[in-house]
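> These protein sequence lines map, in sequence, to chains A and B. As numbered in the numbering used here, residues 1 to 167 make up the first sequence, in order. As numbered in the numbering used here, residues 1 to 376 make up the second sequence, in order.
No wet-lab data here; the hints were simulated from the structure. C-beta atoms are modelled at their ideal positions from N, C-alpha and C, and glycine is treated no differently. A hint or two may mislead.
[Unchecked claim] To give an idea of the interface, some chain A residues facing chain B are shown, with a C-beta separation under 7 Å as derived from the structure:
| no. | residue |
| --- | --- |
| 1 | D32 |
| 2 | S36 |
| 3 | Q45 |
| 4 | P59 |
| 5 | A79 |
| 6 | N109 |
| 7 | R118 |
| 8 | P127 |
| 9 | T128 |
| 10 | A133 |
| 11 | S135 |
| 12 | T138 |
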Amino acid sequence: MLIKRVVPNILVGMLFLVLCANKAYAQWVPSDKMLSKAELSVQKQFNIDYSKSAIDLNPNYYELTTNDSILGYMCLQQAPSKHDMFDFLAIYSSDMKLLKLQILAYRENYGGEIANKRWLKQFLTRPTEKVQAISGATISVESMKMVVSFLNQKMKNWHQVHHLTSK
Amino acid sequence: MKLKSHILIALSFLAIPLIQAQNTAENILGGKEGLIIGGYGQIDGNFNLDDDNKMNSNGKLDVHRLVTFLGYKFNDKATFVSELEYEHVVELYVEQAFLDYKIKDNMSLQAGLMLIPMGIQNLYHEPPTFNGVERTNVDKYIVPTTWREIGVGINGRLDEQSINYQLMMVNGPLGYDNGSANFSGKKGLRGGRQKGAEATVSDFDFAGRLSYFGMLGWNFGASFYKGNSETSDFEADSTQVGITMMGVDARYNNGPFQARGQYILANLENTVEYNAKTGADVGSKLLGYYLEAGYNVLDGKSENELIVFGRYENYNTHEETDGFDANAAYDRTDKTVGLTYKLNQGAAFKADYQLKSTEASSEETKHLNLGVAVWF
């Protein structure tokens, strides 16, 4: 009787927890259209055929290989604007140097100026905190700066653990 | 008990596909969905000073604006945006209320009560985004901020060309309301704003703006407005004026240095007939401009910003008059120096000192303004 009563309740509880966890950790999945837009940029960047496989850090971060040697990495990442999220692409070299940033989708009416290529190029050559402000896009600029430096750090740490220490 | 548990389990399994479906939909669409809450506010203290910089009349402490932003994102294509504004605590307005429909990635169709895209501050009016406790007077007497009317328009961005664009068809300001003139020599078109409150329509007007952000550190804008004012007397042309307003503006940022400037020109037609009919003294040309430069003295030392700024501003609602002499008292100059202490991009303390004068006299009046500015 105890088993019949308690077990189903525990099962229900577990199911509920699983569902909650599933909801809370629901991973952002870029649309196919966005993914192919990103891959086109990667193709242009390296100008060579490659294959990609997601790394264990995040299913939207990929290692790019060609003939068994590592070409680089591509990361699809979301960041907050004032009231919404925007999506961007970051391409890294095999030694985790940031090679390119590209805004893939910007949804709000304000702040879209961060898609400016010349502005994004600053991230490749100067420390993130030195990246210039844009009038009319302050919130998205600050968000981009924060998320790019977070991503840089995460990728560098991952690289350290997976490649540099094993050699 | 047993039955209850089983029903619960069965229901849980039923819920799995539902919840997963919801997640999948969210994932495919990307971005946040649902209710969006925000707002902004400015609480001001305005004091008039004498030659010895002592208060010479009653000051004013005012919750000038408190605006609650409520939006709802139905999906990645459709978003509703609204702003409810309390002005001076007791006046309630709707500042924006429109449906935004994304036709394609970087282009939206918008319909409802929208901001007229003229100049910098009518669009970017959240208090922490500008220096000075009060909005610039060019954006009060020439551009009647917060200028918003009901209409339909498109709003988009060209990433390759680094251009933002806006084009809309809206109702115009109401110049003549059952025998009385809403426009004036002193305040230009300001009294005619209909703000979406049972607005009278006799003509549709057009407004647009282009801004270019392709040069690092710079943001350039060009705005236009063309149309006729509205009238309650549908048959009488003498109760309407033709409005052509044009503006250019620029904003610049480089490390600790920031600068902005704006120039707005409005040509009004038919003012002779309008003034004759209503007894008003509306000018035929309105002109205003300002130049402002600021420096963040905490740059590199702190997360906070302390911006020291100076601004020169001239606005003349009688730049030209048709059929009568211009009133020199409407040619006004404000010189402002001040401080903006930003604790965050959305929260600031402000203080400024203003010298105001008109062409009608050599006297300058002195003003001290203190304010709290928030945006979230």
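> Does each hint hold? Answer for all of them.
Right, here's what the structure says about each hint:
no., hint, result
1, D32, "violated, 9 Å"
2, S36, "violated, 14 Å"
3, Q45, "violated, 18 Å"
4, P59, "violated, 11 Å"
5, A79, "violated, 11 Å"
6, N109, "holds, 6 Å"
7, R118, "holds, 5 Å"
8, P127, "violated, 11 Å"
9, T128, "violated, 14 Å"
10, A133, "holds, 5 Å"
11, S135, "holds, 3 Å"
12, T138, "holds, 5 Å"
Hints 1, 2, 3, 4, 5, 8 and 9 from the earlier list are contradicted by this structure; the remaining hints agree with it.
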